[in-house]
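A.B. asks: Protein sequences appear in the order of chains A and B.
Every number in our numbering is 8 more than the matching position in the first sequence, counting from 1.
Every number in our numbering is 1 more than the matching position in the second sequence, counting from 1.
Rather than coming from a laboratory, the hints here were simulated on the basis of the structure.
Bear in mind the structure is a predicted one, so any value in this text is a computation, not a measurement.
Check before you lean on any hint, since a few could be wrong.
Facing chain B, from chain A, some residues (calculated, C-beta under 7 Å) [unchecked claim]:
1. Val22
2. Ala25
3. Arg29
4. Leu31
5. Thr33
6. Tyr106
7. His107
8. Arg108
9. Arg263
10. Val267
Glycine included, each C-beta is placed from N, C-alpha and C at the ideal position.
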Amino acid sequence: MSDLATGWRFQRRVIGALMVRELVTRFGRENIGFLWMMADPLLFAVLVGILWRFMKGPEEHGVSIIAFIATGYIPLTFFRNAVTRSIRVFTVNSSLMYHRQIKVLDFVLVRVLIEAIGATMAFLFVGAVLVALGEFPIPADIGAFVGGWLLYCLFTFSICLILAPLSEMSDVLEKIVPVVTYIAIPFSGTFNMVSWLTPAAQNAVLYSPFVNAMELLRYGIFGPGIDAQWDITVPLAASLVLTLIGLSMCRRIRRELVVE
Amino acid sequence: MIVCEKVSKSYPMGRGRKHVLKDVDLEIRPGEHIGFLGRNGAGKTTFIKLIGGVELATSGKIRRQMSVSWPLGFGGGFQGSLTGYDNARFIARIYGYEYGDIRDFVEDFTELGPQLKMPVKTYSSGMRARLAFALSLAIEFECYLIDEVIMVGDSNFQRKCHYELFDKRGDRALIFASHSTDLIREYCNRAMVLHGGTGTMYTDINQALEIYASL
Numbered sequence: 009m010s011d012l013a014t015g016w017r018f019q020r021r022v023i024g025a026l027m028v029r030e031l032v033t034r035f036g037r038e039n040i041g042f043l044w045m046m047a048d049p050l051l052f053a054v055l056v057g058i059l060w061r062f063m064k065g066p067e068e069h070g071v072s073i074i075a076f077i078a079t080g081y082i083p084l085t086f087f088r089n090a091v092t093r094s095i096r097v098f099t100v101n102s103s104l105m106y107h108r109q110i111k112v113l114d115f116v117l118v119r120v121l122i123e124a125i126g127a128t129m130a131f132l133f134v135g136a137v138l139v140a141l142g143e144f145p146i147p148a149d150i151g152a153f154v155g156g157w158l159l160y161c162l163f164t165f166s167i168c169l170i171l172a173p174l175s176e177m178s179d180v181l182e183k184i185v186p187v188v189t190y191i192a193i194p195f196s197g198t199f200n201m202v203s204w205l206t207p208a209a210q211n212a213v214l215y216s217p218f219v220n221a222m223e224l225l226r227y228g229i230f231g232p233g234i235d236a237q238w239d240i241t242v243p244l245a246a247s248l249v250l251t252l253i254g255l256s257m258c259r260r261i262r263r264e265l266v267v268e
Numbered sequence: 002m003i004v005c006e007k008v009s010k011s012y013p014m015g016r017g018r019k020h021v022l023k024d025v026d027l028e029i030r031p032g033e034h035i036g037f038l039g040r041n042g043a044g045k046t047t048f049i050k051l052i053g054g055v056e057l058a059t060s061g062k063i064r065r066q067m068s069v070s071w072p073l074g075f076g077g078g079f080q081g082s083l084t085g086y087d088n089a090r091f092i093a094r095i096y097g098y099e100y101g102d103i104r105d106f107v108e109d110f111t112e113l114g115p116q117l118k119m120p121v122k123t124y125s126s127g128m129r130a131r132l133a134f135a136l137s138l139a140i141e142f143e144c145y146l147i148d149e150v151i152m153v154g155d156s157n158f159q160r161k162c163h164y165e166l167f168d169k170r171g172d173r174a175l176i177f178a179s180h181s182t183d184l185i186r187e188y189c190n191r192a193m194v195l196h197g198g199t200g201t202m203y204t205d206i207n208q209a210l211e212i213y214a215s216l
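The shape of chain A in the complex, shown without the other chains (with noise of 0.2 Å):
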């Protein structure tokens, strides 16, 4: 058990450090330095936010427009920048395989935990600045919100886990991912609820991992009136799937792993 508690704190203290590491080398020290990795999120959130606010009203479904479109492109966005981050992770990284401490699972890690944690602020500055202007209602369920993100980012990590080994045997999906995860859009329940769908959509969406993560977010934050469904065992059998494949690959993949 003190085996256990020893592994567990030295862990932490390799991700803490590899987490510092990358911030450093990302966004070095100048201006605003950390608070960088919120700006992505943010931007799109509230730009892509304010462009629909003037092509289709104030209000649609009877949930304010700019809320609407925040809450779903900030983890669109995480999404799209954690598997972009994850593609050939572990060659960028190969050099820090000489610290046996360091174990290239950290690597994915790190990246998806970055992106997680900008986007993360990024609700939280989004929020704070929308409930001021009135244009963002006050959290119904913050529970129902924190459990629909961790499911969110869980499942996107399940992905990146498997993406990322992937990415070391094939140049192919370097270029593929982008246009899959364009194309994926109508699964990422970013820009509807289940409920606006007709009935034979809404069956389909629901296999989606993603569509019950946001279901369960939204709720959290518009409350009962959107209608939300959702299961959460969709995206946690998903995520335990994919993550049981992804940890074998990457352990295939170190074996290989030639660094220079």
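Fit chain B to the given chain A structure using the hints.
C.D. replies: Positioned in the frame of chain A, the structure of chain B alone reads:
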């Protein structure tokens, strides 16, 4: 103690594989100094990387019952876009040392002064070697892996390395790959000659050097 049993390493090459090491055995006891000899491409660096756990063996087992440094060479172990100080901070964090202690040692050992505030990619290879050496000597290991790097740097640096490594830490185990016959003769208890994927251990250093010279 470090035990390598039937260690093999191969890399994909075209349609087949290139076998660099084939069933090599090696046992390193505390305090032993072992030299690796072999022509360029014989697998010295590869073997050191396997012992250090940087790359994993294709087959065979490596058991480490003492703490082993990362392989000390020209490249690996630090990030070029970060400054010397940032690299020191990173090493201190992941090995659980006080940054202040590491920083003082690095400043003193490298004598790089303000250059430590610059990204490592701006360093010359001699300066890199100084930093690499300082960082791994700042962490106490029971076994140090050294790949050739002793040979670079000016005489002042070489003197420092010899003092820190062979005098102050003479009780530690040491594995080093080198083409310098003087160095091997002076400091090694045993030497392994790597040739054609196999490793042969000699307890008589002069015999090992003769074999090496005849390759």
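A.B. asks: Hint by hint, say whether it matches the structure.
C.D. replies: How the hints compare with the structure:
no. : hint   : verdict
1   : Val22  : 5 Å, holds
2   : Ala25  : 4 Å, holds
3   : Arg29  : 5 Å, holds
4   : Leu31  : 11 Å, violated
5   : Thr33  : 6 Å, holds
6   : Tyr106 : 4 Å, holds
7   : His107 : 6 Å, holds
8   : Arg108 : 4 Å, holds
9   : Arg263 : 5 Å, holds
10  : Val267 : 5 Å, holds
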